[in-house]
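K.L.:
What follows is the residue order along each chain.
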Amino acid sequence: MNSDQVTNTEAAWIAGLLQAGDSFYPTGSYAHSFGLEGLVQEGVVHDRATLRDFMLLSVVPALRQAELPLAAQAWRALGEENWSQVGELCRLSSALKTAKEARLAADNIGRQRTELIATLRPHPLASEYLKRSNAGGWPFSAAIAAALEGRVLGAPVPAVLAGVYYAAVAAQLSAAMKLLRLGQNASQSLLTELLQQAPVVVAAAEQVPVAEIGWFNPWLDIAAARHEHADSRMFIS
Amino acid sequence: MRLKATAGANGRTALTGQSFRAPYHVSKPYWDADSGTLLVQVVNPTAGILEGDFLESDIAVAKGAALLVTTPSASRVFKMKDGSAECRQHFAVAKDGWLEVLPEPLVPHRGSRYRQTTTVEVESGGGLFFVDLLMPGRIAHKGEAWLWDRLCLETEVRVGGELVLRERFDQSGAGLKALAAFTGSGAKACFGNAVLIAEGEAPWVEAARMLHGDGVWVGVSTLRRGGWSIKFVAADSIRLRRTLKALREILAANYPRMACDPRKL
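Residue numbers (my numbering), protein chains in the order written: chain A, 1 to 237; chain B, 1 to 265.
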């Protein structure tokens, strides 16, 4: 019998992605509703049924056509150490968000997460990214930070995208619980339903070329823009 | 179609470069002395955008020149059997130049497939106001709406060479109809998507935000640098036009070249 210690490398990146997707991980996303509070203030989202519509009509398509393809493209570019492409994707990520609050939310969460990666998991890719990002003045991006973390952990692209999907949907539902009369079971049943769509959404997102990244919901952009000047608000975005 | 607007020694803008062929026709320009803007109307002499059409335009505004380009009527995108139609437009504005692009709305008919790609390059110190208006369809024709096969509107804006905006609207009619119903804008919802590139203070923002209400959604937010995104959704075309008119009046108080009346011709 061989007594050498056996390491399961998959377990290593799975554990890392679970840590990164947990609300305990201090990326600051808990302070954002990503436009939902604006839609609540406009009276569009007001209960579980309208929240479900919002998730299916707006959040999931935006993940499929923007955030997940950005993460997928960044994961590939980081793997090839194609730094000019990484820089272009960072600028694209910022330019896709026309509402200032949405842009700043992605920038702040991305910065926090990138700096955490460099602190918690010293890795040449993370330090090189930070060095080039600072030198080039790249905007930070939550999606690209997730791709970087995936590369540092050695996670495959579907797992990274599934992590981004989970984190985005869970953050939105967590914000909804503070904005609406929505209980734990109601939000978990909605989360379960949305997670069932993850495999299809992730597979579609992997196929989106850079030139076709982007999606917008005009009402969400307007609500996010109006949220900047709301008289009262609970969330930063 | 290619247009180049240049400022003369007398300060007046003139078209110093002009070439076009069907389906474009360019009207005789009109110099609006009050606003200091040259008004040009671009006409599509055919019924509208048809299967296989490829429309390409390139409009350049040189230093110190001011140009307003508009269309006299809505652009209807007709039903297509197998193929599609495409429009590629490029706008370039030099430092101290001003360009306003104010086309009438796009009306995609049942079974149409259309892609529009707009690229904008504004040098630092240049100004631009560009609006895209979208109707859900031929509402007056048995309520035909949201029935296009494919509609893709892409816009990319660079200021001083830096990408500040990239938008990609690629939604099915059913998807947008569902969003319109969900938000309460209804079956006849119309859209306006504007980009303003301008330097300096923006005392107009609050007045623009006040246009929100009575079936109209209006949002104004700053871009990464150099300008603003202004989006508006109205429950019907009348309110959409009214909102755009009011918005231009508000903006004209700060950007006098926007006082040029696009319907002057």
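Be aware that one or more of the hints could be misleading.
[Claimed, not checked] The following label-pair restraints were derived from C-beta to C-beta distances: (1) B:THR16 x A:PRO199: 56 to 64 angstroms; (2) B:LEU55 x A:VAL200: 47 to 55 angstroms; (3) A:GLY43 x B:GLY11: 47 to 55 angstroms; (4) A:ALA211 x B:LEU55: 46 to 54 angstroms; (5) B:HIS141 x A:VAL210: 54 to 62 angstroms; (6) B:ASN10 x A:GLY28: 52 to 60 angstroms; (7) A:ALA12 x B:GLY213: 36 to 44 angstroms; (8) B:GLY143 x A:LEU195: 37 to 45 angstroms.
[Stated by the list, open to error] When the alpha-carbon atoms are kept at most 20 angstroms apart in a straight line, the in silico SDA-like pairs for lysine to any residue are as follows: (9) B:LYS177 x A:LYS178; (10) B:LYS264 x B:LYS79; (11) B:LYS177 x A:LEU56; (12) B:LYS177 x A:VAL44; (13) B:LYS177 x A:LEU57; (14) A:LYS100 x B:VAL205; (15) B:LYS95 x B:LEU50; (16) A:LYS100 x A:ASN185; (17) B:LYS63 x B:VAL43; (18) A:LYS100 x B:THR222; (19) B:LYS177 x A:THR50; (20) A:LYS100 x B:PRO45; (21) B:LYS142 x B:SER75; (22) A:LYS100 x B:ARG209; (23) A:LYS100 x B:ALA207; (24) B:LYS28 x B:LEU15; (25) A:LYS100 x B:LYS63; (26) A:LYS100 x B:ALA202; (27) A:LYS100 x B:GLY200; (28) B:LYS63 x B:HIS90; (29) A:LYS178 x A:TRP83; (30) A:LYS100 x B:HIS90; (31) B:LYS177 x A:GLU228; (32) A:LYS100 x B:LEU163; (33) A:LYS100 x B:LEU15; (34) A:LYS100 x B:GLU199.
If you are wondering where the hints come from, they were derived from the structure by calculation, not from laboratory data.
From the three backbone atoms N, C-alpha and C, an ideal C-beta is built for every residue, glycine too.
K.L.:
Could you tell me which of the numbered hints above are not met by this structure, giving the numbers in increasing order?
P.N.:
2, 4, 5, 7, 9, 10, 15, 16, 17, 20, 25, 29, 30, 31, 33
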